[in-house]
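Novice: Here the protein sequences come in this chain order: A and B.
Mapping the first sequence onto our numbering, position 52 (from 1) lands on 52, and the numbers just tick up by one.
Mapping the second sequence onto our numbering, position 639 (from 1) lands on 639, and the numbers just tick up by one.
Hints were generated in silico from the structure; no laboratory data involved.
Do not take every clue at face value.
[Claimed, not checked] In silico SDA-like cross-links for lysine to any residue, where the CA-CA straight-line distance does not exceed 25 Å: (1) A:Lys57 to B:Pro412; (2) B:Lys398 to B:Pro412; (3) B:Lys468 to B:Thr399; (4) A:Lys57 to B:Val107; (5) A:Lys57 to B:Asp400; (6) B:Lys468 to B:Ile346; (7) B:Lys322 to B:Ile346; (8) B:Lys468 to B:Asp400; (9) A:Lys57 to B:Ser406; (10) B:Lys468 to A:Ser94; (11) A:Lys57 to B:Phe401; (12) A:Lys57 to B:Ser415; (13) A:Lys57 to B:Lys528; (14) B:Lys93 to B:Ile9; (15) B:Lys468 to B:Pro489; (16) B:Lys322 to B:Gly263; (17) B:Lys93 to B:Asn6; (18) B:Lys468 to A:Asp100; (19) B:Lys398 to A:Val90; (20) B:Lys93 to B:Leu108; (21) A:Lys57 to B:Lys93; (22) A:Lys57 to B:His407; (23) B:Lys528 to B:Leu502; (24) B:Lys93 to B:Ile15; (25) A:Lys57 to B:Glu408; (26) B:Lys468 to B:Leu409; (27) B:Lys468 to A:Arg92; (28) B:Lys468 to B:Leu456; (29) B:Lys468 to A:Asp89; (30) A:Lys57 to A:Arg92; (31) B:Lys468 to A:Val90; (32) B:Lys322 to B:Asp280; (33) B:Lys468 to A:Tyr101; (34) A:Lys57 to B:Thr411; (35) B:Lys398 to A:Asp89.
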Amino acid sequence: MTLILVVDDDPDISRLVEFKLSHAGMDVVTKTDGESGLAAAEQLLPELVLLDWIMPKLTGIEVCQRLRANSRTAGIPVVLLTAKAQQADVQRGSAAGADDYIIKPFSPRELLTRVEALLVRCNPAGA
Amino acid sequence: VARKLNSKILADAGIGAVIVADGTAALEYARDHNVSLMLLDRRMPGMSGIEVLEQLRQDPRTRRLPVILLTAASDTTELVQGLDAGADDYLAKPVNAAELVAHVRAVLRGRAGEAEIRRVVDRANDAYVSWDETSLITEWNARATEVFGWERHEVLGQPLASTIIAPTSRGLHEERIRRFSDSGDSPLVGEWIELAALHRNGGEIPVEMTIWTVTSGSARSFHALFRDLSRRREMESAFDHNTSLRELMDGGPDMITLSDASGLFYVSPACRTTLGYEPDELIRGFGRDLIHPDDLEAALNAHDQALVTNGPFSSSMRLRAKDGNYVWLESRGFAVRDGDPSVTVIHAVWRDISQRVRITEERARIASLLEAANATLAETVDREHRAVEELQQLDRAKTDFVSTVSHELRTPLASIVGYAEILSDQCATALDFEQALAVQVIERNARRLLTMIEDLLLIGRVEAGELKLAPLPAALGPIIEAAASAVMPTAQAQGIEVRVNLPILPELVADAAHIDRVLLNLLSNAIKFTLPGGHVAITATVETDHVAITVGDDGIGIAPEDRAKLFDRFFRGSEATERAIQGSGLGLFIVQHIVELHDGSVSVRSVPERGTDVTFTLPIARVLELTPDRPFSGRAGPDRELEETGP
Chain A
1 MTLILVVDDD PDISRLVEFK LSHAGMDVVT KTDGESGLAA AEQLLPELVL
51 LDWIMPKLTG IEVCQRLRAN SRTAGIPVVL LTAKAQQADV QRGSAAGADD
101 YIIKPFSPRE LLTRVEALLV RCNPAGA
Chain B
1 VARKLNSKIL ADAGIGAVIV ADGTAALEYA RDHNVSLMLL DRRMPGMSGI
51 EVLEQLRQDP RTRRLPVILL TAASDTTELV QGLDAGADDY LAKPVNAAEL
101 VAHVRAVLRG RAGEAEIRRV VDRANDAYVS WDETSLITEW NARATEVFGW
151 ERHEVLGQPL ASTIIAPTSR GLHEERIRRF SDSGDSPLVG EWIELAALHR
201 NGGEIPVEMT IWTVTSGSAR SFHALFRDLS RRREMESAFD HNTSLRELMD
251 GGPDMITLSD ASGLFYVSPA CRTTLGYEPD ELIRGFGRDL IHPDDLEAAL
301 NAHDQALVTN GPFSSSMRLR AKDGNYVWLE SRGFAVRDGD PSVTVIHAVW
351 RDISQRVRIT EERARIASLL EAANATLAET VDREHRAVEE LQQLDRAKTD
401 FVSTVSHELR TPLASIVGYA EILSDQCATA LDFEQALAVQ VIERNARRLL
451 TMIEDLLLIG RVEAGELKLA PLPAALGPII EAAASAVMPT AQAQGIEVRV
501 NLPILPELVA DAAHIDRVLL NLLSNAIKFT LPGGHVAITA TVETDHVAIT
551 VGDDGIGIAP EDRAKLFDRF FRGSEATERA IQGSGLGLFI VQHIVELHDG
601 SVSVRSVPER GTDVTFTLPI ARVLELTPDR PFSGRAGPDR ELEETGP
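With these hints in hand, go ahead and build the complete structure from the sequences.
Specialist: Here it is in structure tokens:
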């Protein structure tokens, strides 16, 4: 089964994402801060990571940079899920190595579509 | 042998000596020569040493000559006798060489102070003469020789009055000496009197004279300084005889003075108008007390400088006029010396410069006022700068606040929007009609809230000057079509028809996302203010240098009193309030700024109850010189116009 890691300090959002993705048949693990999110990513090696930007301990950007710096996690697709909606923010996100950028509030339908598209794009054989 | 031996000893010590054979010769030599010291043998053929000593001491010319008596050892009587007769020192025979030199030096050293005073007195510009109580001259300096013609050694011991006081002035002189005896010095010291002196050649010399006395034990000595006034008298006389010069000086508007070391001797009558004094008053009474204390030092320096350099000078000072007020005067002139340093004459022209000084002072006062005003101004400007900075800081804080709040609002909104969607998607079959309607209301209002948050953010960026365009070549047609499609569901839900009627449009350089925003805002307004069954139309015309896009409706129109405020932030028309039409009042404000950033303009035509047309233009004639960094330039652009048609 496809394992998705969701890291967001707002449990309502984590649960919303988990609800939508698990209904689509994916396995979802949620974490509430950057540090435990990074640890979980390194331990579980999920198929995709959804990261909030502003979080306690490590920010989404920092987690993303560390994932990219580690050869075991460097290939995992990362989606930033954030309320930071300005053009400059999006650019900073992709500079840190994020594959996609979803602005809050978002449509769960759209989120699912983009996650699925990214999984196909990054791992065509595994789908 | 002994004498020669003594002479040799002294010569070896660098002291010159003359040897004479007996007392008579010694007295003669001492009278006629400038002798520093006499070594006198107590026992001599003819006159004894004591006798010689007594005679030396009686003669004013030799009275002060140091004498060392040579005596036989152990003869105390001789010793006491010698000292009583006026010997300064004694030596016992046989004389030891070192002892002789030491004693001679000691006595000479004792007289060295006197010699120093002598040299000073000799160098004085005034003639110095002193005499004793018997009126015999005891001292005489080099200047006295120049004035009176007598050599020092010729007059020492001579009676003062008959030697240098002219017969016509002797009465006056003796009267003065008597007054000294009666009253003591004090009232007379420093008082200069004029009298006639006598020259060696028998001629009379006009002099000024001042006297003081010195009392030493019971003896009293008299001392006097004499100033030669001959040159001055000559000049005065020449001046008196040179009537044309005199008239010239007397008649001039400026005060003219002539003075020498002893003071003013001519003052022109202009002093009456300049200072209010009579010329005679100034000649008699001009002194440093007339000079303003603050100016005294500079005035005296200028005067002394003129005497030293013997040339032109100028100085400014305040002089006290007769009425007690000070008058600013500028003194210009020159010092003239005819070889003789004592008779330097200073010619000076005095000009009243009160006016000039007043102007200078006034200028300085104005300058200092200006300086103070400038300082105050600079301070004020500085304060204003700080105030502006504070305001800007406050403004930035507000913008940051708006931005932060907007971001913070997004997160809870994400839950509302997300879960509402989940409800309608995932649980659609489980909801009855009313529940489904409730979810729709939640979704719709969540989106409204989101639009408002986005508007607020945009305005925050506009006001912070951070709203920047990303202009790219853009096809206007598709942007308009897309915007129309986006509002179509809302319009249809309200029974409003949206029509798009476009000609072929040229490609523009524009920020497509922002133009989209403009169109959405205008369409949303048009739909809101149009009644069911009404129409909204998007049309465009291509002019030579711009495209004009109009969003028109046949709705309720805009009340005339609201038109002026249409583009204000948060402004909501009276109709909107009355009819409870929802909105933030930010739409047109944003439209105007985006259009102006594109160098376009917005205009509104509206007739109440008939409808409203909002037209915005975008330039095409040139490639927009918009750089991505160009910030928002200002709210009220010159292009902004507000057209209206009457009802």
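Novice: Quick one, are Lys468 (chain B) and Asp100 (chain A) close enough, alpha carbons at most 25 Å?
Specialist: 24 Å, holds
Novice: Between Lys57 (chain A) and Lys93 (chain B), does the CA-CA distance stay at or below 25 Å?
Specialist: Judged against 25 Å, a Cα distance of about 119 Å means the pair is violated.
Novice: Does the alpha-carbon distance linking Lys398 (chain B) and Val90 (chain A) stay inside the 25 Å limit?
Specialist: 24 Å, holds
Novice: Mind checking the alpha carbons of Lys468 (chain B) and Leu409 (chain B) for me, to see if they're no more than 25 Å apart?
Specialist: Between Lys468 (chain B) and Leu409 (chain B) the Cα gap is close to 24 Å, so the pair holds against 25 Å.
Novice: Given the proposed pairing of Lys468 (chain B) with Arg92 (chain A), does the C-alpha separation stay at or below 25 Å?
Specialist: 17 Å, holds
Novice: Taking 25 Å as the top limit, are the C-alpha atoms of Lys468 (chain B) and Pro489 (chain B) close enough?
Specialist: 31 Å, violated
Novice: Next pair to validate is Lys57 (chain A) with Ser406 (chain B); report whether the Cα-Cα distance is within 25 Å.
Specialist: 23 Å, holds
Novice: Do the alpha carbons of Lys93 (chain B) and Ile15 (chain B) lie within 25 Å of each other, as the hint requires?
Specialist: Holds, because 20 Å separates the two Cα atoms, which is no more than 25 Å.
Novice: Verify the proposed pairing of Lys468 (chain B) with Thr399 (chain B), using a straight-line Cα cut of 25 Å.
Specialist: With Cα atoms ~16 Å apart, Lys468 (chain B) and Thr399 (chain B) stay inside 25 Å; holds.
Novice: Keeping to a limit of 25 Å between CA atoms, is the pair of Lys468 (chain B) and Leu456 (chain B) held or broken?
Specialist: 16 Å, holds
Novice: Within a Cα-Cα threshold of 25 Å, do Lys93 (chain B) and Asn6 (chain B) meet the stated pairing?
Specialist: Status holds; Cα separation ~11 Å.
Novice: Is it true that the CA of Lys468 (chain B) sits at most 25 Å from the CA of Val90 (chain A)?
Specialist: 16 Å, holds
In summary, the numbered hints that this structure violates are 4, 6, 13, 15, 21.
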